[in-house]
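A.B. asks: One-letter residues, chain by chain:
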Amino acid sequence: MSGPVPPELGARVRAGDPDAFAQLVRLHERRLWSIGYAMTRNPEDARDVLQETLTLAFRSRGGLQDDTRLEAWLCRIATNCARMLLRTRRRKPTVSIEGVEGTFDASGHRIEDLRPWSVDPGDAVDRRRLADRLAAASEELPEPYREVWVLADVEQLSMAEVAEVLELTIPNVKTRLHRARLALRKRLADEFERGAA
Amino acid sequence: MTCAELQELLLDHQARALPFRVSASLRFHAAFCDCCRELVRTYGTTVDLAPDLRAKEVPADVHAEVEAWLGRGG
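In order, the protein sequences belong to chains A and B.
When we follow my numbering, the leftmost residue of the first sequence carries the number 17, and every step to the right adds one.
When we follow my numbering, the leftmost residue of the second sequence carries the number 258, and every step to the right adds one.
For reference, chain A alone in the conformation it holds in the complex (with noise of 0.2 Å):
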């Protein structure tokens, strides 16, 4: 996560310091906003995210529980601020994570074709398509799946701190991870495989 927390800090924002609080906020308020964007891929709903988590986080101070997990705190409510918005948004549709994983023979070798793609991430302008698509692709994965890969992948926190904000075990984690790459692989395959339709 983010650097060192000055010390004290905790203590001073759970007994209602305002400074405190404003120096917590400001250490913290890019990520926050990350969080809330990649979740939503709207600005407007990123900055209600973000004024809700910073609204929640000013009510909930006096009950901190451990004053060395800040950031996590904020993290943790930020998701679920993101979560709570998306499920009162029309979305678009999530995709099934099933059948991400692929289809193999009964001695395990895969059976589909896998073809290289015809663009070069090496490539500024290549990458940005796949970025872009990346983004698009993201939108359409399930909730759960992708909380943990906006904190994972986006945001690149430890696996250990994408479980504690979603006070998930780490093997769940990595499980819900793993199957959100898996299907978002797939999406940018379905349109830059070579000789994709």
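There's no promise every hint is true.
Example chain B residues on the side facing chain A (calculated, C-beta under 8 Å, incomplete) [what the hints assert, rightly or not]:
| id | residue |
| --- | --- |
| 1 | 260 |
| 2 | 262 |
| 3 | 267 |
| 4 | 270 |
| 5 | 275 |
| 6 | 279 |
| 7 | 283 |
| 8 | 289 |
| 9 | 295 |
| 10 | 299 |
| 11 | 307 |
| 12 | 311 |
| 13 | 316 |
| 14 | 323 |
| 15 | 330 |
What the hints contain is simulated information worked out from the structure, not anything from laboratory work.
Glycine residues also receive a C-beta, built at the ideal position from the N, C-alpha and C atoms.
We have chain A already, so just place chain B on it with the hints.
C.D. replies: Coordinates of chain B only, in the frame set by chain A:
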């Protein structure tokens, strides 16, 4: 190693968390299996692209709203 086993190990392979012998076995399989070689490559590309979607900074108008809110004491 089979294609199914390789796919199961991809997340740890990507994180360089596999023991050397397992990683070597995965690479050996991929060297002779066109589909798995593409899977390893394109799975890696998908992972590599994701941080490009990270917001580098908060938009100025949103940041100003946050600062105004903090200035009012939350």
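A.B. asks: Each of the hints needs a verdict: does it hold here or not?
C.D. replies: The hints, checked one at a time:
| no. | hint | result |
| --- | --- | --- |
| 1 | 260 | holds, 4 Å |
| 2 | 262 | holds, 6 Å |
| 3 | 267 | holds, 7 Å |
| 4 | 270 | violated, 11 Å |
| 5 | 275 | violated, 13 Å |
| 6 | 279 | violated, 16 Å |
| 7 | 283 | violated, 14 Å |
| 8 | 289 | violated, 12 Å |
| 9 | 295 | holds, 4 Å |
| 10 | 299 | holds, 5 Å |
| 11 | 307 | holds, 4 Å |
| 12 | 311 | holds, 5 Å |
| 13 | 316 | holds, 7 Å |
| 14 | 323 | holds, 6 Å |
| 15 | 330 | holds, 5 Å |
Of the hints listed earlier, those the structure fails to meet are numbers 4, 5, 6, 7 and 8, in rising order.
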